[in-house]
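*Asks:* One letter stands for each residue in the lines below.
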Amino acid sequence: MSELKVTFTVEQIAAYADASGDVNPIHLDDEFARSVGLPGVIAHGMLQMGLLARVAGEPGRLRRLSCRFAGMVRPGDTVTFRSEERDGHVELTALNQDGQPVLTKATAELLLPDNP
Amino acid sequence: MAAFARAVGADPADGVPPTYAAVYALWATAAQLFDDPDAEVDLDNLLHSEQEFDWQRHPRVGETVTSRGRVARDVVRRGIRFLTFETEVTAAEEPVCRSRALFVVVRPRS
Numbered sequence: 001m002s003e004l005k006v007t008f009t010v011e012q013i014a015a016y017a018d019a020s021g022d023v024n025p026i027h028l029d030d031e032f033a034r035s036v037g038l039p040g041v042i043a044h045g046m047l048q049m050g051l052l053a054r055v056a057g058e059p060g061r062l063r064r065l066s067c068r069f070a071g072m073v074r075p076g077d078t079v080t081f082r083s084e085e086r087d088g089h090v091e092l093t094a095l096n097q098d099g100q101p102v103l104t105k106a107t108a109e110l111l112l113p114d115n116p
Numbered sequence: 117m118a119a120f121a122r123a124v125g126a127d128p129a130d131g132v133p134p135t136y137a138a139v140y141a142l143w144a145t146a147a148q149l150f151d152d153p154d155a156e157v158d159l160d161n162l163l164h165s166e167q168e169f170d171w172q173r174h175p176r177v178g179e180t181v182t183s184r185g186r187v188a189r190d191v192v193r194r195g196i197r198f199l200t201f202e203t204e205v206t207a208a209e210e211p212v213c214r215s216r217a218l219f220v221v222v223r224p225r226s
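In the order they appear, the protein sequences are chains A and B.
Going by the working numbering, the letters in the first sequence line up with residues 1 to 116, in that order.
Going by the working numbering, the letters in the second sequence line up with residues 117 to 226, in that order.
Since the hints were made in silico from the structure, they are not lab data.
Hints are not guaranteed to be accurate.
Said to hold, decoys possible - The calculated SDA-like cross-link candidates involving lysine to any residue, where the alpha carbons are at most 25 Å apart (straight line), are:
#1 K5/A x K105/A
#2 K105/A x A118/B
#3 K5/A x A118/B
#4 K105/A x Q172/B
#5 K105/A x R186/B
#6 K105/A x R193/B
#7 K105/A x P128/B
#8 K5/A x P128/B
#9 K5/A x D114/A
#10 K105/A x N161/B
#11 K5/A x T107/A
#12 K105/A x E202/B
#13 K105/A x V220/B
#14 K5/A x M117/B
#15 K105/A x D151/B
#16 K105/A x L162/B
#17 K105/A x R86/A
#18 K5/A x R194/B
#19 K105/A x E31/A
#20 K105/A x E210/B
Remember, it's a predicted structure, so these values are computed and weren't measured experimentally.
Isolated chain A (complex conformation) (with noise of 0.2 Å):
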């Protein structure tokens, strides 16, 4: 099992903004984000399943990811993503602070490492 847990912040979800050139202002500007009925900016649910395939596995040996964005990641959620691998299918989660799933049917599959 593995298990990372990340605190998202503002300047975080800017960077990936700028890293990825997805600048949609409902990432960036809290007013434009309030303007189309959001409660402020959120974060990208890419950046979500960015921080999700660290958790799945070796980058070289993923060979397939896959989730749905299902609840909104603020700035100032706490949310922790967890693997649990068998034979190289692994299952994962992405809660937030209170428990809600963020991310759901969170799957990924693993390039079994050759044998001896």
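Assemble the complex: chain A is given as a structure, and chain B must be docked to it using the hints.
*Replies:* Coordinates of chain B only, in the frame set by chain A:
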């Protein structure tokens, strides 16, 4: 790529982070969909609902890949539009990665 790795808390020395596929596969092609008036995708009401990546292998730093995207499915149910967008990524004609994104477009209440 290094900035992307750091933004997801990975070490750039470990190579291309798997979900850098969001850049070279997903958004490289989906951006064209949003810019196409015929596709009628209202970005303000668009939610990225599901994402799946399959890799034959991960691209290397400095490698050039080609990404081709297409709308695989586009249906409206109870006023909600479900749009499945698939991208095939190749390098030197060999498959590298396949991305499948489900977008949900919620019609604004009038």
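*Asks:* Taking 25 Å as the top limit, are the C-alpha atoms of K5/A and A118/B close enough?
*Replies:* Between K5/A and A118/B the Cα gap is close to 22 Å, so the pair holds against 25 Å.
*Asks:* Regarding the pair K105/A and R193/B, is the alpha-carbon distance no greater than 25 Å?
*Replies:* holds, 22 Å
*Asks:* Going straight from one Cα to the other, do K105/A and N161/B come out at no more than 25 Å?
*Replies:* Judged against 25 Å, a Cα distance of about 23 Å means the pair holds.
*Asks:* If you draw a straight line from the CA of K5/A to the CA of K105/A, is it 25 Å or shorter?
*Replies:* Answer holds: K5/A to K105/A is near 19 Å, not above 25 Å.
*Asks:* Given the hint that K5/A pairs with T107/A, does the C-alpha gap stay at or below 25 Å?
*Replies:* holds, 18 Å
*Asks:* Is it true that the CA of K5/A sits at most 25 Å from the CA of P128/B?
*Replies:* Roughly 20 Å separates the two Cα atoms, so the pair holds.
*Asks:* Is K5/A close enough to M117/B, meaning Cα to Cα at most 25 Å?
*Replies:* With a Cα-Cα distance of about 23 Å, the restraint between K5/A and M117/B holds, given a limit of 25 Å.
*Asks:* Is the Cα-Cα distance between K105/A and D151/B 25 Å or less?
*Replies:* violated, 30 Å
*Asks:* Given the hint that K105/A pairs with E31/A, does the C-alpha gap stay at or below 25 Å?
*Replies:* Between K105/A and E31/A the Cα gap is close to 32 Å, so the pair fails against 25 Å, i.e. violated.
*Asks:* Is the Cα-Cα distance between K105/A and E210/B 25 Å or less?
*Replies:* This hinted pair is violated, its Cα atoms lying about 29 Å apart.
*Asks:* Taken at face value, is the distance from the CA of D114/A to the CA of K5/A at most 25 Å?
*Replies:* Cα-Cα ~31 Å, so violated.
*Asks:* Between the alpha carbons of K105/A and A118/B, is the straight-line distance 25 Å or under?
*Replies:* Given pair K105/A, A118/B is violated - Cα atoms ~29 Å apart, limit 25 Å.
In summary, the numbered hints that this structure violates are 2, 7, 9, 15, 18, 19 and 20.
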